[in-house]
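Taken in order, these protein sequences are the chains called A and B.
In terms of my numbering, the numbers along the first sequence are unbroken and rise by one, the last being 211.
In terms of my numbering, the numbers along the second sequence are unbroken and rise by one, the last being 234.
The hints are all genuine.
Here are the in silico distance ranges between beta carbons for each label pair: (1) A:F197 with B:R131: 44 to 52 Å; (2) A:A13 with B:E126: 51 to 59 Å; (3) B:F86 with A:L171: 16 to 24 Å; (4) A:G9 with B:F86: 29 to 37 Å; (5) A:R172 with B:L115: 53 to 61 Å; (6) B:N21 with A:I25: 37 to 45 Å; (7) A:G157 with B:F86: 23 to 31 Å; (8) B:R120 with A:G48: 40 to 48 Å; (9) B:L24 with A:R172: 24 to 32 Å; (10) A:D14 with B:E126: 52 to 60 Å; (11) A:A13 with B:L115: 50 to 58 Å; (12) B:P10 with A:W44: 43 to 51 Å; (13) A:Y178 with B:I4: 38 to 46 Å; (14) A:I104 with B:V59: 26 to 34 Å.
Treat the hints as calculated values from the structure; they're not laboratory data.
Computed from a prediction, not measured in an experiment: that's the story for all the values here.
Positions of the beta carbon are idealized from the N, C-alpha and C atoms, including for glycine.
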Amino acid sequence: MPEFLRRYGGQLADGLVDHVVLTAIAIGVGFTLSLILTLLIVRWRRLGGPIIAGAGILYTIPSLALFAVLVPITGLSLLSAEIGLISYTLLILVRNTLQGLDGISPDIIEAADGLGHTRTQRLLRVELPLAMPLIIAGLRIATVTTIGLVMVTAVIGEGGLGQVLLRGFNLRNWGIVYAALIVMIVLAIVADGGLGFAGRLLTPWARRGSR
Amino acid sequence: MEVIGWFTDPANWSGTSGIPNRMLEHLVLAGLAILIGCLIAIPVGLFIGHTGKGAGAAVAIGNLGRAIPSYALLVIFVPLLGIGFFNALAALVLLSLPPILTNTYAGLQGVDRDLVEAGRGMGMRERQILRGVELPLALPVILAGVRIASVQVVATATLAALVAGGALGRFIVDGFAQQNTPMLVGGAILVALLAILTERFMTILEHRATSPGLRAVLDAGSERPAEVAAPTPS
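Let the sequences and hints guide you as you build the complete structure.
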């Protein structure tokens, strides 16, 4: 085991760092984009159907196919990988954020208006905090899914741990294949737990309420 | 434009590496995986839902299914089953289990307990309650699980080309390897279309299979069963 780590520890660590970076970019950009889309839907309801349907179609397209279509346009690059990864986060994030915002009782909205909040203040101080549990739930699902999908970007030369796995697979070195997989699964579990913890820190009232 | 050329070239429509054969391989692989998945997951889900035993395990399996990427499933069986059809089949069957199992279990959970009690009061035996009351009421949710699993399996059967030979993913993998863009994009279009068609087809099937009495209730609104297992892109 120590021998194994001495030989492949460096590869695995590099793969892990790349994996985290690829995931973080996808979730960061995907979350920002989905927040904008959700706010557009909240403002203009009629956009809701087309935006959700569009995100749904992107979600159904197999990742290998999506990357295959992107490569002739954006090349074997980080950009191709991220476009694919980001597009898979949109459906989950938009749907959850919208559900969170829609679930707020109209009385609370009215109270916020009555207190003299402007639209923006109401959104930032009342609506987004109250929607936080569902937003965090969406982020957790999207993050775990993205960590899995990053593996597939190995076919276009990215992939983080996926790249380590693919190399190991091509050499029929099962030790490194399983090691890459285990590191990836641990990463997914840690990210999921970390986001859950952050969610609880961000919504202290929910904890007090449940006691 | 070259992609249209690829689609219209008669050479691509015949032989083992032609579009019809690859499509057939894809459908056989995915269809068989879903069939086996249903045969395993639905009875187990019905048992858990009806008796309430092992519910915790069902939920845990559902969550685990999301954490393990399909790509990984395809690789872990290679040392055991070698590279080829059976390796891909085993991985796809495993992939199909969590959504079907969770939805079957949750569908049964969602059945109004009063209706089950009423059935029992009428003197129905447990088996009759399961077949005559619980199963028809839970069917829309169960089929939603089968739909989610089918789309995932059809999509992931593409990745099978990375470790196993045939199916439509071959065009994509070979397209990458030979830097043959028309083949790459053509394969991608076929796979994407197949995934979207599967989703449509299963949605229609779901609607058809819902008992007419239940359909009226569902269409009336609020009681539409939620999709319990959220789909994962592959």
